[in-house]
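Participant: With chain Z held as given, fit chain F onto it using these hints.
There are 2 protein chains.
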Amino acid sequence: MLTNNKIKLIKSLDRKKTRTESGCFVVEGEKMVRELLQSRFETVEVFAVQPYIDELPATLKRKAEISAVSERDLERISFLKTPNKAVALAKLPDSQIIDSTDLTGLNIALDNIQDPGNLGTIIRTAAWFGIRNVFCSTDTVDVYNPKVVQSTMGAIFKVNVTYCNLNELAATVRKASVPLFGTRLDGENLYQTNLPENAIVVMGNESKGLSPEISALMDSNLKIPSYAPPTSDMESLNVAVATAIMCAEFRRRMGANG
Amino acid sequence: MLTNNKIKLIKSLDRKKTRTESGCFVVEGEKMVRELLQSRFETVEVFAVQPYIDELPATLKRKAEISAVSERDLERISFLKTPNKAVALAKLPDSQIIDSTDLTGLNIALDNIQDPGNLGTIIRTAAWFGIRNVFCSTDTVDVYNPKVVQSTMGAIFKVNVTYCNLNELAATVRKASVPLFGTRLDGENLYQTNLPENAIVVMGNESKGLSPEISALMDSNLKIPSYAPPTSDMESLNVAVATAIMCAEFRRRMGANG
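Protein chains in written order, with our numbering: chain Z, 1 to 258; chain F, 259 to 516.
Don't read these hints as lab results, they were simulated from the structure. Every residue gets a Cβ at the ideal spot worked out from N, C-alpha and C, and that includes glycine. Check each hint, because a few of them may be wrong.
[As the list claims (entries may be wrong)] Label pairs and their computed distance ranges (CB to CB): (1) Z:M1 x F:I265: 32 to 42 Å; (2) F:Q354 x Z:E206: 23 to 33 Å; (3) F:N456 x Z:E65: 51 to 61 Å; (4) F:S465 x Z:E42: 23 to 33 Å.
If we strip away everything but chain Z, and leave its shape as in the complex, we get:
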């Protein structure tokens, strides 16, 4: 039931502190809430308009407490400009341990990504390319921030997102012989470099790029070649766009190899 205390709790879940203390995060919208119920995540409670509840399959209805709310109440708990049929409270997963046996194929690591939309888009892209792991430095924006959750378009339920110290990640993957590829404007041309079947692609902060400390840990630093006229000012790519181009190229070559 949507009590005043629950309204207060939900509206405070845009803050990381409240998410950590309550162990909950918010998932919104018709499609996202359905994907949450189908996922390995635990759903605490769903607040939805009656027609949405009527259309949910019985197997999904059994997965959580489901409370019918009015459009007006939905507006009160929504973070969206246009609330969309359902808001769910989900349980934060236990923090994960880096499992080096699970690093086959392509993985992504992020060094201090700050923009919620960028992180969400990167996770969405990772799901498209069948990437299992996205490792985030502890100073990367929190994936359970409502803006990030929504911009993953459901991919948050399909990709393992693990927060960790990237130095420790580097030590672990080195033992597993998985190479680390940084992305830098002065790196080697992506298209002229041999790419292995297992790899971790590491992307840096939106304005500062990879920190020198992390960059030094890389087995190789790659660049996406620019075709801008040489007279032009230094161009750059958005970090989600650069991640996508890297993933697409790794995947294209893996496809060709296997």
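Facilitator: Chain F in isolation, oriented as in the chain Z frame:
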């Protein structure tokens, strides 16, 4: 000088109607205003803090009226959460005519893109790949919207952005024998298709994709292959990400050819 009328004008330039009536748009921030002054765009007036003005080269100072303002006044005219040294009023360029002689290389066309951040990121990506033309359907979000301008990171001054009817664009490029490539989830595999040296890549709306009417005008429809497990729900890519992967692949092949 920053009069009250100018403050009122600037703050109203987040509306397309006011931009059209006044013939002006807003450019913000240290780097962006400098790039505006270096560009082919006409600058009406720059409002900046004194240290910024002191550092501007004389050649740029001559390009527009420059008025010193206090930090407090800068806050009053800024659209940014953290105002950044300078705000400029720039003149909207004359609307452009599609010039079929100028379609060499890779071009982008956009069908009903709605998100300002997506449009800005696409124009930024176009500049990186040395793409001269981005054609926008008349129902695409306005490029002179302050959010779009800022998210281009200066690329708006380097890429020709033309609003047009995509049916008319298709007729013009057909005469010039430049093929049109749509992007669709059920298209041909991008990596298994011959790509020509001159082309227009057409991207569709964020949720609906290419409209059936526009899709029917394409010489070919391409897809970016997904590597998500087949059991998983239908994934999708953000439109700016998909545009970037398309551009990167066209450019990679053009590089190999020429």
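Participant: Next step is simple, just say for each hint if it's right about the structure.
Facilitator: Hints versus structure:
| no. | hint | verdict |
| --- | --- | --- |
| 1 | Z:M1 x F:I265: 32 to 42 Å | 49 Å, violated |
| 2 | F:Q354 x Z:E206: 23 to 33 Å | 31 Å, holds |
| 3 | F:N456 x Z:E65: 51 to 61 Å | 59 Å, holds |
| 4 | F:S465 x Z:E42: 23 to 33 Å | 29 Å, holds |
Taken one by one, the earlier hints fail for this structure only at number 1.
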